[in-house]
Amino acid sequence: MRRFVRENSLSIVFGVMFLLALLGQAFAGWYQFNDQQLGDGYHQITLGRYLTSADFAVDVTENWQSEYLQFLLYILATVWFLQKGSPESKELGKAGLESDEDQMVGPHATENSPRWARVGGLRTALYSYSLCLTMAAIFLASWLVQSVAGWAAYNETRLGQLRDPVSWHAYLVHADFWARTLQNWQSELLAVGSMAVLAIYPRQRGSPESKPVGAPHHSTGTEG
Amino acid sequence: MGEGVGDSRKVTAVLRILAVGVTGLLVLCSGCNNGQEEEVRQRADNFEAAVHGRDWTQACKQLAPTTRDELAQSGGGSCAKGLANETLEAPGSAHKVKVFGTTAQVHYAHDTLFLGRFADGWRVIAAGCTPHRNEPYACVVQGG
Chain W
0 MRRFVRENSL
10 SIVFGVMFLL
20 ALLGQAFAGW
30 YQFNDQQLGD
40 GYHQITLGRY
50 LTSADFAVDV
60 TENWQSEYLQ
70 FLLYILATVW
80 FLQKGSPESK
90 ELGKAGLESD
100 EDQMVGPHAT
110 ENSPRWARVG
120 GLRTALYSYS
130 LCLTMAAIFL
140 ASWLVQSVAG
150 WAAYNETRLG
160 QLRDPVSWHA
170 YLVHADFWAR
180 TLQNWQSELL
190 AVGSMAVLAI
200 YPRQRGSPES
210 KPVGAPHHST
220 GTEG
Chain V
0 MGEGVGDSRK
10 VTAVLRILAV
20 GVTGLLVLCS
30 GCNNGQEEEV
40 RQRADNFEAA
50 VHGRDWTQAC
60 KQLAPTTRDE
70 LAQSGGGSCA
80 KGLANETLEA
90 PGSAHKVKVF
100 GTTAQVHYAH
110 DTLFLGRFAD
120 GWRVIAAGCT
130 PHRNEPYACV
140 VQGG
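Chains as they are written, first to last, in numbering that gives the first Met the number 0: chain W, 0 to 223; chain V, 0 to 143.
Please note: incorrect hints may appear among the correct ones.
[As the list claims (entries may be wrong)] Output of the computed footprint for chain W on chain V, the stretches with three or more beta carbons under 8 Å from beta carbons of chain W:
#1 38-44
#2 48-56
#3 100-107
#4 122-130
[What the hints assert, rightly or not] Derived, one-sided and incomplete: chain W residues facing chain V with beta-carbon distance under 8 Å:
#5 T45
#6 Y49
#7 G92
#8 G159
#9 L161
The hints are simulated quantities; they were obtained by calculation from the structure and are not laboratory data.
For glycine and all other residues, C-beta sits at the position ideal for the given N, C-alpha and C.
Next up, chain W with everything else stripped away, as it sits in the complex:
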């Protein structure tokens, strides 16, 4: 058990922090929602009702979709685009999908390679993109939920203003949907872009996200 925890501490620590942050968001969002209700002359709702409300769902999923999009784009972009001096980049001259030999697929797979990397054909092709496909699926699912929850939350506001609600299709091209979406996208793109560039000069000793402290600034694709 202790060994399991030690060897998986990264995912466990982030999993626990995620749940604590989600719990904190639930309570803070609930108080915020009820404060708004009070100001508008409506009654306060229970935590249970808030957790099943469109307001909570849209606040959660608008961040989820952008995070998964961020990593999806980063994984894809780093296949073809390079950044000299960055540990986030592949070595210069290695842009592209690389050879089967480099990627250890088909006849170049080892006995420890995953089975789908060894078998060739459609399964190996699918497995070769499985990380991006998984990220893309979670991104699209989160974005879909954001669109439905955002639509319901926006219509709740509109009805409170004595205005007609809009259809889901109309909401998909509405400023509210795109303002929520793009405010998250811009911050995620800034974060990954600056990570790729900042990692050229500053260092974090011991982190694989950084170069070794003594590695030269022009060293590309080396991890500490």
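For chain W, the structure is supplied; the task is to place chain V on it using the hints.
Okay, now just chain V, sitting in the frame of chain W:
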């Protein structure tokens, strides 16, 4: 297969189940109105019936607090008197109910009502409303 690889797969499997479960829950819950249409429709019908039966006291009981207060101001302290002074058309029978969270709208053939959910249930916020393009409806009766 090494133990480390097996553990990683377990963690990945748990994370996938968690992600699918939470996403599924959010899909089910987001935008749902928890079957509130019937309660909303009933409250709106009660209001319309009381108004057209000229039972102003009963009609006032169907209103939201701020709407009652507004009518009481115009009725010299009495919501019933304030409501009696307003002209509300007969709504007609056909109606459509739309509920989003704590707010709702009921369309009749000749009237539109807006409702809100309060501690004691759904109440009418505004009545006798007519659309004004993309602007808020103009309502004969509404809260302050």
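Checklist entry - Which numbered hints does this structure break? => result Hints 1, 2, 5, 6, 7 are the ones this structure does not satisfy, whereas the remaining hints hold.
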